[in-house]
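K.L.:
Chain by chain, the residues run as shown.
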Amino acid sequence: MGTFNKDYFLTANANILENDEGLRKVQKDAYIEICNHFLLKKSKSHAVAILPTGSGKTGVMAIAPFGIANGRVLIITPQLVIKDHVLDSLDPTNPKNFWLRHNVFKDFNELPQVVEYDKDTLFEELEESNIIILNIHKLSTKFRNSLLKKVERDFFDMIIIDEAHHSPAQTWQDALEYFSDAKVLKVTGTPFRTDRKKIEGEVVINYRLGKAMKDGIVKSLKNFILKPEKVYLTIDNDSSRKYTIKEIEAMKLKDKDFVTRSVAYSPECNKHIVEASIDELNKRRAGSSVPHKIIAVCCSIEHAEDVKKLYEERNLRVAIVHSELPKNKKIEELRKIESHQVDVVVHVAMLGEGYDHPYLSVAAIFRPFRSLAPYSQFIGRILRRIPDEEVSNELDNIGVVIAHRDLGLDELWKEYKQEQEYCDVLRSVEKAEKDERNLLKKIRNPKNSDIGSVIVEGDLHIEEEYYEYTEAAKAYEAYERDIEEKAKQLKQIFPDKSEEDLKQLARQQSKPTVINPLLKNPKKYRMLLRREFWEKVQYDIPATLITELKLKKEGRELANLPLKKNMRWILKDGDNAAIIAKYMNCILVSKYGPREKWTINDYHNANNELDEIVTHLKKMIKSILF
Amino acid sequence: MLNKLRTQLWEAMYLNPVWPHELLENAKDPEYKNISFKPLDAGLEVELLFMDEGQLVKAVYLFDSNDYLQRAVMYENEHESVIYDRNQLVTNIMNEILELTGVKQSNKIIA
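Residue numbers (this note's numbering), protein chains in the order written: chain A, 1 to 626; chain B, 1001 to 1111.
The hints are simulated quantities; they were obtained by calculation from the structure and are not laboratory data.
Just so you know, even glycine gets a beta-carbon here, dropped at the ideal spot from N, CA and C.
Only true hints are included.
Capping the alpha-carbon separation at 35 Å, the derived lysine-lysine pairs in DSBU-like fashion look like this:
#: 1; chain 1: A; residue 1: K330; chain 2: B; residue 2: K1058
#: 2; chain 1: A; residue 1: K597; chain 2: B; residue 2: K1033
#: 3; chain 1: B; residue 1: K1033; chain 2: A; residue 2: K309
#: 4; chain 1: B; residue 1: K1028; chain 2: A; residue 2: K524
#: 5; chain 1: B; residue 1: K1058; chain 2: A; residue 2: K536
#: 6; chain 1: B; residue 1: K1033; chain 2: A; residue 2: K336
#: 7; chain 1: B; residue 1: K1028; chain 2: A; residue 2: K486
#: 8; chain 1: B; residue 1: K1038; chain 2: A; residue 2: K336
#: 9; chain 1: A; residue 1: K552; chain 2: A; residue 2: K597
#: 10; chain 1: A; residue 1: K327; chain 2: A; residue 2: K536
#: 11; chain 1: A; residue 1: K336; chain 2: A; residue 2: K536
#: 12; chain 1: B; residue 1: K1004; chain 2: A; residue 2: K486
#: 13; chain 1: B; residue 1: K1038; chain 2: A; residue 2: K309
#: 14; chain 1: B; residue 1: K1004; chain 2: A; residue 2: K488
#: 15; chain 1: A; residue 1: K618; chain 2: A; residue 2: K524
#: 16; chain 1: B; residue 1: K1038; chain 2: A; residue 2: K488
#: 17; chain 1: B; residue 1: K1058; chain 2: A; residue 2: K524
#: 18; chain 1: A; residue 1: K96; chain 2: A; residue 2: K308
#: 19; chain 1: A; residue 1: K524; chain 2: B; residue 2: K1004
#: 20; chain 1: A; residue 1: K119; chain 2: A; residue 2: K327
#: 21; chain 1: A; residue 1: K622; chain 2: A; residue 2: K565
#: 22; chain 1: A; residue 1: K28; chain 2: A; residue 2: K106
#: 23; chain 1: A; residue 1: K491; chain 2: B; residue 2: K1038
#: 24; chain 1: A; residue 1: K211; chain 2: A; residue 2: K44
#: 25; chain 1: A; residue 1: K414; chain 2: A; residue 2: K25
#: 26; chain 1: A; residue 1: K41; chain 2: A; residue 2: K28
#: 27; chain 1: B; residue 1: K1038; chain 2: A; residue 2: K503
#: 28; chain 1: A; residue 1: K511; chain 2: B; residue 2: K1028
#: 29; chain 1: A; residue 1: K497; chain 2: B; residue 2: K1038
Covered stretches of chain A, as calculated for chain B (at least 3 residues, CB under 8 Å):
#: 30; stretch: 473 to 486
#: 31; stretch: 499 to 510
#: 32; stretch: 520 to 530
#: 33; stretch: 589 to 603
Next comes chain B alone, as it looks inside the complex (with noise of 0.2 Å):
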């Protein structure tokens, strides 16, 4: 168990679930109805628009300057999702393994 969160670790902190150009095979799908790429200060933001149950629906991908993704949001209904999070996702584990080695809980977050 400690073994797999370990990997899980580092993997969350070093490894890239997604690429921008991967959300650009998208565009194939008719219901995508935009796909935008906007450079950022440190980074790429990736916007994708589509329709689902009739709903217009927007996700935001944001990435660091090597195309690192760093959080997924998507918008329905006026709501907010956070779908991925690397820091979030980097302190669960670590809050994990802290837990299972018995050592005192951590806030500490990642930058």
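So that you can see chain A by itself, here it is in the shape it has in the complex (with noise of 0.2 Å):
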């Protein structure tokens, strides 16, 4: 992260057209179609990219400036989780940040200056920038810090406005008409507003869910809706007197959404909803390391109380994330499940879009949707893919979405369904090429493999399937064969106990080679656990770092790291160790909490992702040196 530069995004050597590996295709896609709108056809419209959730949006909006932007890029949010989710993908200081995970850049002082825009950003701050971020509320005139007050017009040269379906309100549109003479570019979702009209723009890319199912960006989707044989309301109180949903119809003593509303409080469907989900999250988490999490959507803050309570009576952990929660306990509650702390996520209109977790795979719904925007909303949340390297089975890909009947959610899944035809009609398509250009192949070209009786048939899965258990089977009965014969000699030893006896002393004398041995003492187990980390933490970490990159472990060159705002008190006193040593602690502790709070599960997760963070602050630290 180099000091300011007017044309960076022009100059700067962002590795976008050749990167197979790090960016998808559609992402590639997106930014050509993007040069073309603003670069070939030079069009002054805004532009429009339309990218399901999981696709890739924010690396869209991450690679969009490049050669396009002649100044400074300001993104707008519409609200704060999302503004979140961008600013922690876009923040250089991030061991994840977008263009070093996905090889856009390769080094540190490649990277843009980014800062969020707030009350206490200074305008030198601004003016040093190359990408400011803000969410909305900050740009509205009635704001006595709006941005709007303290920039000129010419001040960005590109906008890019994130879930540009909430651009219809005044805010947008006086923001817009500020910065009339930037480039636009739109990212959403959906190709319709909030108020159901289309958005502004001349669409460049339209990503249909669909595709992005069929092209394996997004997880496939399920739906599963439980059908109880008979459901009875009563109305008014009067437990005398019971009816079924469709009496109430005909009868026309209530409208739809008294039904619908009784449904999803009544605890019986609940209950449903509860132990069909858990069946889902147990089937995904058998025979997979993958951390799946169930994400519930409530009426109110009084039922997701009550569902929470529900999913805890079968023992699982669950965060509750709503609108009242104090800001702290929010930052608590998503930091739980960031770092695996819990198995359900309970929210009450909270983690709508922008919220980015993969491993949410099982929806589960207590709440009746009339319009597709909020329930589409909801089911993105269970797209995000989970990462190839990290996938066990084929399960670990497929989302599976969990109602009642009776919520009235039928029509809404109708139009999601249409996408995994889509997808399955693509897919079908793309096989009978394959099989066509495979066939041609053969007629053309004929083999003698190609023509003649069948000689091999049967399915090599489960041939090999059966052969590693067979292998396993024959390794036992030699260890038995072992055994026996060390039961001989231990009868020469002990004549007087039986065969059988002798047998169990000699196995418990073999245990399996890479067993923890501690697992007899779980005292220790848990103990050693925790040494070793934060042995490994505060010495080994800084030790290798001081040495591989020739500091000095008392020096104080580490000060000048370009830490965020929250973090800079790591930097103020103790020598270049102590400086990493802090580092790691923070970076950790903001993840998993308090470390006397730590359970064996966050010390497995957290170990697991030492690499990375110490291969970004690396990288952090060599920004500053060479």
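Fit the two chains together into the complex; they arrive one by one in their own frames, and the hints show the way.
P.N.:
So this is what it looks like as structure tokens:
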């Protein structure tokens, strides 16, 4: 991250078009279309990129300015959760920032200067930044520190609007009018605004959800509707008379909302959804090390508390997120989700678009929806794909939606289903084309192996599995023969013991080679795991980095590390080794909470992340040293 | 690599990492507050309570009728951490083997 360069986006050597491993095809396609729009056509109209949740929208925003923006870029988000997500993905100090993670750049000092705009941001900071990120309310002219009151109209050359379907509101219009000469890119998951009108601008790319499923970019979806044989309702607290839903409809006793609301709040129906969602969660967790989770949506905070209890009764750990939660508590709950300290996330109109956690795989719907936007936003939460390197089996990337039949969600699901069908059609077309090509190849160039009688039949998959277990059983038989031998030898020492006892004695002497010997002492197991981890963080990692980067332990070069405001206290005192240790500690505590509350799972998860944190720290150190 | 995994597979299926009586040895440590054995329909449950960093931690070990450990769980700060799960271990090793041999992955669990 160097000093401010106005031409940064035109001169930076971003690896985009040749970047096959780091970027998805759709991201590169979107980039090409955006270039076409602004550079070839020199269009003044807004460019609209429609990309479904999980397909890499933030990545498109990250690469879009390169070669296009002739100056600063403003990214506007519609709500705070989205702003935090975007900021997190584009924060150069975050080890997982998009550019480094996806090989757009290799070195830390090639990254753009990024700042979040808030009331404390100095004008100098804005001037020296390439990308400024803010939430829409910071542009409102009613806001004393509105950005519109701080900068000139030509301050930005490009404006990127995230989740642009929110854009009809006055604040958005005021902002776009103020920066009217800027190039505007609107990114959204849906072509319709929240008021169901079309988003203004020219659609440069429309990547359908079905295509994203087919390309394996998002999870495939399965719907699971609970259909109890009969559902009865009572009306006006009169428990003496029960009605079926059909009766209520036929007699026009109550409207549809009454029925769906009643079903949503019914403890019996809620229990069904809880149980079905736990079954689906267990199916995914069995045979997989992926930390799958359930995400549940409820009608109200009280309702969410009730649902939370139902999951807790089944021994699941639950995080609850709603708008009335104090900020600290909310941060704590989100942290628990990120660090896999919960199994279920219950929310009330809170974790809509922008909340990004790929391990949410089971969507449990406890509330009715009437329109597609919030319904699809909720389902979008389980669409984000589990990274390939973490996948243990096919089920890992199949999301499931669970709801009660009488919540009236059929129509909304149908719209989703169309996308699934679109995906299936694409797959079958692709397969047919492939089959056709193979057939043509074989007809044109027949080989002996292509003609004649079939010699081998059978499913390789099953054969191989069978083979592995047979081999394991053979190894066990050999082991048992060895045990018999040992028992015979032991018989000479203990002539009074039975053969079975002696065999058992011999068995007790052999342990699996890769098992932790501390398993027999859980206290020591826990203590050692903890001690080894913190020794690694406090001593081994600082020592390795200091040696590798030829730093002096007592020096203070690292006091210049480009850290975020809220982490700069780390740099105030202490030598290089202490700064590294404090940095590591700070990153880990911010993710997993106070050390004294860590569980064994937390230690395992944190340990898996250490490499990534250290690699990024190394990049930051190199940026100030070389 | 493959041979190593195959060894791990049979060992995970047929060997025992810890026997119930080995857990009793912990009783000598004063930090262990209680160790109890409870017979189950098809096995044995051993519960160990101990103090660690001022916190009371519970560990539960489940053995089958042949005293082979199937699962061990630790409960800390009201959270559950699985420290051993035979089924999971076998499945993970099997998946690694299948991945290495290029065969489609399996989510079959060994009962």
